[in-house]
Amino acid sequence: MSAAAGGSIAPDVQSGAEAIRAEKIVKRFGSITALNGVSIHVKRGEILGILGDNGAGKSTLIKILTGFHQPTSGRLFVHGNEVSLASVDHARSLGIECVYQDLALINTLSVYHNMFLNRELRRPPFGLLDHGEMRRRASEALDDIGVGVPNVEAEVARLSGGQRQAIAVARAVYSNARILLLDEPLAAMGAREAGLIIDLIERLRARGDIAIIMIAHNYAQTLDICDRVVLVQHGEITFESHSAETSVEELLEIVRREYRAARRA
Amino acid sequence: MAPPASVRRSGVRHALGGFLVWREASVILVAVLLVVYFELTNGNFLTGDNIVTVSQFVAAPAIIACGEIMLLICKEIDLSAGQTFALAPFLVYFGAKFGLPVIPAIVVALGICAAIGLAIGLITVLLGVPSFVTTLGTYFLITGVTLTISRGFPATPPGGSFLAGIMGAYGYSEIIWALVIVALMHIVLRHTRWGLHTSAVGGNEIAAAEAGINVRRIKVGNFIITAVLAGFTGIIEAYRVGSNDPLAGGSTIMFLGVASGVIGGTALTGGSGTIIGGLIGAIVLGVLQDGFTLQGINAFLFDGIIGAAILIAMIANIRLARWQRGVSR
Ligand SMILES: Nc1ncnc2c1ncn2[C@@H]1O[C@H](COP(=O)(O)OP(=O)(O)OP(=O)(O)O)[C@@H](O)[C@H]1O
Ligand SMILES: [Mg+2]
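So the protein lines, in turn, are chains A and B. All residue numbers for the first sequence refer to my numbering, where the first residue is 1 and numbers rise by one. All residue numbers for the second sequence refer to my numbering, where the first residue is 1 and numbers rise by one.
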């Protein structure tokens, strides 16, 4: 967990190269088609926003990019190479990190154990857990973001919704992510904490070597933060635009048109 | 870089104020009070001979508890651990009878126990059968196997007196095995990735999977650990008694193990528990069993009293634990 924000840029990475591309992704759960031929791509130094109604398939798309779900069909490219992500560990080894919508926190474990879950620091000679170092680095990372978490040894169950979200974000960001996937990272946050996380996301973009995909429900905020946005409806991308070339009104109009059509049918 | 002040302070707080927030403190208190009570009422509780007896009551449930605690933490249970306990010494016996030296026979027997754990684990995670049901099945299945291969008769465990002594016949050897296993399993639970991932799986299975933890592997592994520990306990118990009993163990030893864990603070809802707590829980139960025996309680009443004592100890522990944590759930 080196401090990603503000760290130096690795020489082999240049801004603007394609980081991840998904082509014609289909995902079915039994009889439900959650995704029906979705294609997206993001470049390094770019933030892609994903908008869409509840149940549209946004989280499913993200979970395919993290290796949590395997697509029914479709192709994935990471840093230009075609891959088939076999597991979450495989995706992580390619620098893909995610803040899941449910935050993927373990309530019964401490803050620092959650931050290092499945990438624990260990000590020679027996490879036992290095609790002290994990505690120290976890509180450093949280201090760095500026979201107050009283004690990294506290059980996560005792924290507020916003604090829990901050921990999930800090865990993904401070893990050397190259491709950062954020599923509604601001959902439970107060204005100040959301501001801190937005600052953090903008610092990451400024570095130029990290590609970010962010799901959100607040259209104005999304257009403000993201370079491009896509709109997902019923498992398909129905609209795609640079943020500067669209507006909250246009997006709302598309969603309302859809809603009226569905009501008439 | 020097650790931030907050970390240093919390380290000191840990060392000093530890006992009050220590999860096991309330159970230790119960154990000490029971010892004092039995010593005051009987006067012969704290004698050398009786301490050996108590240690023998404690050892087997303490080792079984180590496995069951790992399973309870990741939201599983092995109801057939007591059956594996009864089967294992016969596996050693037949291994030796078929010409294996005793120690390889023990190793082979434990290997078969591991295979039993593997089978239970695979049925549970691959076919989605709750382990409560899987192990209810293996409970009867293993009993049938043990009764069939033993033809229902006891047998004498193989090997000379030196080996028998190390394995369990010498008064303190069983409790020494138990303490060594408890220490190892404590390290596994608290200081290895395996232990942390076991807690994570029990705390939130989906989140653990999202973090990339192989949930099935963790569960299957803990079924194997439990079966091997149960088999090993059965073997040392057979050497202590000097006889393999096809009807030994069973649900009694298994539930004593589970009860030790729960008295020691392991949550039946998964996610949390401690191995040391399980040892102390086993001590509480051992002291109760031995103490009531010394008082000459009617054998028919005995189980009833043990049952009531388990309930009281558990309720006391749960209340105290909540009070310590300041949680009013
Ligand atoms: N593991 C699963 N098994 C079966 N169906 C699923 C599974 N995961 C998602 N679905 C279904 O796929 C569809 C898309 O779900 P998804 O979670 O991707 O929506 P979403 O766009 O993230 O919605 P929200 O904005 O509410 O988070 C839904 O109909 C959902 O019920
Ligand atoms: Mg979602």
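Be careful, since some hints might not be right.
Stated by the list, open to error - Facing chain A, a subset of chain B residues (Cβ under 7 Å, in silico): (1) 25; (2) 28; (3) 200; (4) 203; (5) 211; (6) 269; (7) 298.
Rather than coming from a laboratory, the hints here were simulated on the basis of the structure. Here a beta-carbon is modelled for each residue, glycine too, at the ideal position from N, C-alpha and C.
Evaluated hints:
{"no.": "1", "hint": "25", "result": "violated (18 Å)"}
{"no.": "2", "hint": "28", "result": "violated (22 Å)"}
{"no.": "3", "hint": "200", "result": "holds (5 Å)"}
{"no.": "4", "hint": "203", "result": "holds (4 Å)"}
{"no.": "5", "hint": "211", "result": "holds (5 Å)"}
{"no.": "6", "hint": "269", "result": "violated (9 Å)"}
{"no.": "7", "hint": "298", "result": "violated (43 Å)"}
The structure is inconsistent with the numbered hints 1, 2, 6 and 7, although it conforms to all the rest.
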